[in-house]
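Visitor: Using the sequences and the accompanying hints, generate a full structural model.
Numbered by the numbering used here, the letters in the sequence shown go through residues 546 to 815 in order.
Hints listed in this document are in silico derivations from the structure and should not be mistaken for laboratory results.
Keep in mind it's a predicted model, so treat the numbers as computed, not measured.
It cannot be assumed that every hint is accurate.
Okay, derived cross-link-like pairs now, PhoX-like style, lysine-lysine, Cα gap no bigger than 20 Å in a straight line [to be verified]:
#, residue 1, residue 2
1, K696, K744
2, K750, K720
3, K788, K676
4, K712, K776
5, K744, K647
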Amino acid sequence: MNDRITRLFEQYGYVIYLLNGLLGLIFILIALLTNLADKKNILADSLVGLGVNILSVSVVFLIVERFFSFNSLKHEKEQLQELIGQLRETNSMLTGNLTSVKVHTRYPTDLVRTKVSASTRQIRIAGSWPKSTEAFPSTIDEALRRDVSVKVIYLNPNSVTAQARLKSMMPGTPKNDRTSRVAVAFSSLRQVISRLEKKDTLEIKLSEVSLSFRLIACDSWFLIGFYWYGKTSAEGTHFEFDKNANPELVKDIMNTFDTVFNDTTNISFT
Numbered sequence: 546m547n548d549r550i551t552r553l554f555e556q557y558g559y560v561i562y563l564l565n566g567l568l569g570l571i572f573i574l575i576a577l578l579t580n581l582a583d584k585k586n587i588l589a590d591s592l593v594g595l596g597v598n599i600l601s602v603s604v605v606f607l608i609v610e611r612f613f614s615f616n617s618l619k620h621e622k623e624q625l626q627e628l629i630g631q632l633r634e635t636n637s638m639l640t641g642n643l644t645s646v647k648v649h650t651r652y653p654t655d656l657v658r659t660k661v662s663a664s665t666r667q668i669r670i671a672g673s674w675p676k677s678t679e680a681f682p683s684t685i686d687e688a689l690r691r692d693v694s695v696k697v698i699y700l701n702p703n704s705v706t707a708q709a710r711l712k713s714m715m716p717g718t719p720k721n722d723r724t725s726r727v728a729v730a731f732s733s734l735r736q737v738i739s740r741l742e743k744k745d746t747l748e749i750k751l752s753e754v755s756l757s758f759r760l761i762a763c764d765s766w767f768l769i770g771f772y773w774y775g776k777t778s779a780e781g782t783h784f785e786f787d788k789n790a791n792p793e794l795v796k797d798i799m800n801t802f803d804t805v806f807n808d809t810t811n812i813s814f815t
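Guide: Here you go:
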């Protein structure tokens, strides 16, 4: 209703109040001229009253019109401010997510060692199998000595999932050669574990299912990679980000990790 009245005022308001104002002034002017000729002229008094009334209507009309216009402008201003706020929030989310993710063209070995060494609460590792060149980050023993919780998930090398990953990673390579490579990786892992001074907080499980991503998580710091066709995950692109900058992504990653880890009852190296 208010919007309809406002539109009528916008279309006809100024014309109406100008005509009313002119008419009121004309009546008052006639009354003054008549009163000059005859100070006791009743008509003059009537014209003054009529002119004042008409002029008053114009003034009231102008005030009302300004009131509705002000409310309309105020409402539009509030809507505009709300829209600006939404745009700023969207822009902040987009630019925040873009700037909070750092891309590495391959597995950043030195960075991972530094993050593992600095961990104080927990470390989570997931992959197809250990790296043959470095089964664990070389600084893992520093974290274990501080009783940092370390949980690791690898594929069971005898599972169908592991064989499928091997085939996609080394297409055209004979099966025996692929299997031999995995055996070397797990042999290296066992040697590393045997040399650890403290491993009470280390848990390693072999799973029949893949997490679909490679993961290194140290407290609130995350690094994920993917299983690229024709290459190891270490050779592919990795994405580094912080938990606080990507809470929803981290929630999905950790839910997946915890579910697979808790449901896995396969061989435990520890």
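Visitor: Mind listing which of the numbered hints don't hold for this structure, in increasing order?
Guide: 2, 3 and 5
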